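Required output: the full structure, derived from the provided sequences and hints.
So the chains spell out like this:
Number of protein chains: 2
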Amino acid sequence: MTQVFNFSSGPAVLPHEVLLQVQAEMLDWHGSGMSVMEMSHRGPEFGQILAEAEADLRTLMAIPDNYKVLFLQGGAHLQFAMLPLNFAPVGSTVDFVNTGHWSKVAIKEVSRYANVNIVASSEDKNFSYVPDESTWQRTPDAAFLHYCSNETIGGVEFNHIPQANGVPLICDMSSNILSRPVDVSQFGMIYAGAQKNMGPSGVAVSIVRSDLLGKARSDTPTMLNYKSYADNGSMYNTPPSFGIYVAGLVYKHVLQQGGVAAMEAKNIEKANVIYAAIDASNGFYHCPTALADRSRMNIPFTLADQQLDQAFLAGAEARHLLQLKGHRSVGGMRASIYNAMPLAGCQALADYMNEFAKMKG
Amino acid sequence: MTQVFNFSSGPAVLPHEVLLQVQAEMLDWHGSGMSVMEMSHRGPEFGQILAEAEADLRTLMAIPDNYKVLFLQGGAHLQFAMLPLNFAPVGSTVDFVNTGHWSKVAIKEVSRYANVNIVASSEDKNFSYVPDESTWQRTPDAAFLHYCSNETIGGVEFNHIPQANGVPLICDMSSNILSRPVDVSQFGMIYAGAQKNMGPSGVAVSIVRSDLLGKARSDTPTMLNYKSYADNGSMYNTPPSFGIYVAGLVYKHVLQQGGVAAMEAKNIEKANVIYAAIDASNGFYHCPTALADRSRMNIPFTLADQQLDQAFLAGAEARHLLQLKGHRSVGGMRASIYNAMPLAGCQALADYMNEFAKMKG
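So the protein lines, in turn, are chains A and B. The opening position of the first sequence corresponds to residue 1 in full-length UniProt numbering, with each subsequent residue numbered one higher. The opening position of the second sequence corresponds to residue 1 in full-length UniProt numbering, with each subsequent residue numbered one higher.
Derived from the structure by calculation, the hints contain no laboratory data. Here the structure is a predicted model, which means the values were calculated and not measured. None of the hints are false.
No farther apart than 35 Å at their CA atoms in a straight line, the calculated lysine-lysine pairs in the DSBU-like style are these:
#1 Lys266/B / Lys125/B
#2 Lys125/B / Lys227/A
#3 Lys108/A / Lys108/B
#4 Lys227/B / Lys325/A
#5 Lys215/A / Lys104/B
#6 Lys125/A / Lys104/A
#7 Lys125/B / Lys360/B
#8 Lys104/A / Lys325/A
#9 Lys215/A / Lys215/B
#10 Lys104/A / Lys215/B
#11 Lys325/A / Lys252/B
#12 Lys227/B / Lys215/A
What follows is the structure in structure tokens.
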């Protein structure tokens with residue numbers, strides 16, 4: 001098979017070892033004679049898979065006992081509606097930091113059910129930075145404070161956890177969960193779609209403080225009530241069992257590699273390789289993100305001469321460096337380098353960037 | 001590997017050939033160098049997978065052009081809330097046929113958002129039959145009429161499509177879709193979770209008449225509005241791409257086998273093998289379902305002497321006949337024999353049933 005490096009922003013590259021194991025077990029999981037896709041979710045085999053996935057995620061993130069770990073469907077998108085229905089009483093106000101596309105999509109949906117106060121926004125500079133926390137205009141009695149810890153399109157990442165100030169802090173961590181240690185106890189809830197750092201699309205995870213459950217609005221659809229999942233071990237209905245299985249293998253893989261602290265060290269090294277190629281290019285390449293807020297997961301960059309964009313992408317494809325085209329709102333290129341992207345992939349991209357700049361610069 | 005026959009009610013057995021193909025393509029789909037799990041859902045590769053899945057399902061079910069085919073998440077359960085939010089104005093009445101567990105779960109959720117009129121129920125005889133349509137007490141201006149075409153627990157299957165009488169007919173076809181031909185044009189909507197006859201859990205399908213879209217209640221979460229999926233080719237957000245890929249392979253497999261008419265012939269033959277074992281047992285085995293309404297997909301049966309249940313199950317396990325324990329509300333055994341269960345599996349079960357009855361009877 002062709003060796004490629006896949007810089008997709010999600011669904012994204014998975015660990016090679018995980019894919020090999022999924023392949024090996026496809027027709028017969030652990031001597032059961034069944035594929036994981038064929039197992040009753042109520043049987044002991046899947047029960048073990050689910051329990052191990054939860055336990056491993058708890059270990060990886062050091063999740064305190066007073067937090068529930070829920071496996072859901074519908075991605076982060078479904079949770080944009082679940083947030084106000086579960087956590088914001090009718091007529092209440094919720095606080096949002098607006099740092100980019102994913103913040104905006106969440107705000108749009110949440111504002112249909114609650115008053116939204118934007119505590120700060122970086123829209124004035126095309127979402128290229130994280131607004132300084134000292135400037136945030138907070139609602140003292142907000143139902144919650146929401147932020148997106150990594151914006152995949154702008155390539156902007158929080159390098160700290162904001163102060164909660166007594167309000168439940170809720171974070172969309174879809175694109176940098178498991179990429180670095182976080183102190184879960186500072187959050188009311190962390191949620192994430194799996195398809196960037198955890199597994200295939202179709203699975204989402206919520207890590208929610210137990211005392212926040214049970215207060216959903218009376219008209220909340222049962223499948224949009226976090227309590228339905230918490231009370232039934234994520235099996236109120238048939239869960240996305242195969243996706244949970246793959247996510248569980250990813251958790252084991254991260255544990256084997258040394259956990260999230262080891263991933264962080266590796267991710268810093270990986271990101272530095274590409275940022276160095278940008279910064280050493282004498283303006284041939286440009287990253288629009290403020291230096292302090294550069295993402296380790298998604299690196300957007302433009303070419304000074306946009307006429308070269310197509311040639312750059314074609315040359316990258318020829319070297320099997322895939323899915324580098326940037327989002328239309330930023331233009332240029334974007335390299336998404338989640339946990340499963342090996343250092344060799346970042347080096348291959350940096351080498352190509354250097355050579356392309358030398359050839360065309 | 002062990003050759004087993006897996007009678008799980010869902011997630012359930014998948015075609016062996018499909019699993020082999022999934023295994024072969026796991027690390028490199030069609031020379032792309034990527035697993036389907038790693039592909040951007042916006043890229044040409046997944047675009048092809050999704051388009052073929054929809055086209056093949058349209059071919060299989062002869063879906064008219066004025067119907068949308070939508071791929072969703074959340075199973076049938078999520079749609080229980082979507083039904084009233086999308087199709088029943090506030091204060092309206094919806095009609096339900098109550099033929100068992102899945103009817104009841106749907107009714108419970110829908111009744112939170114609309115008035116529910118039970119046109120007929122078979123609860124008086126533990127959901128062992130389909131109420132005669134001539135007795136149904138309909139609401140003339142109902143927002144819709146809902147039924148479940150196959151109840152997996154009671155083993156009760158509709159052998160005809162009810163009269164719509166000018167009201168949109170909505171069917172939960174989760175457990176017998178693609179097992180027989182149906183005239184889609186008689187329906188307002190057909191919906192189904194994939195994990196019985198179509199693929200892994202985490203994918204659901206809705207086949208909805210276009211003119212019914214766009215009338216959702218104003219407070220409907222965007223992810224619960226069918227129009228969000230219809231307007232965006234099932235990609236309003238990241239779809240459960242791997243599950244759709246597997247479902248697409250199942251569709252191709254059914255097409256190769258001759259389509260749903262061929263499946264029906266095979267399913268009749270399969271079911272007859274097991275029902276014959278029950279009926280020839282002189283009361284050693286008993287199927288509680290009314291003769292005319294026996295399901296071809298799920299066959300519940302009890303042993304006259306319940307003391308033998310454990311021995312029956314243990315002997316079945318020893319022969320690699322798996323997941324035969326019945327639902328607690330019916331007791332005894334249940335053999336789920338969806339499309340992907342081979343005739344050999346039904347014969348192996350019938351042979352074992354005959355021998356067990358001979359030995360213990």
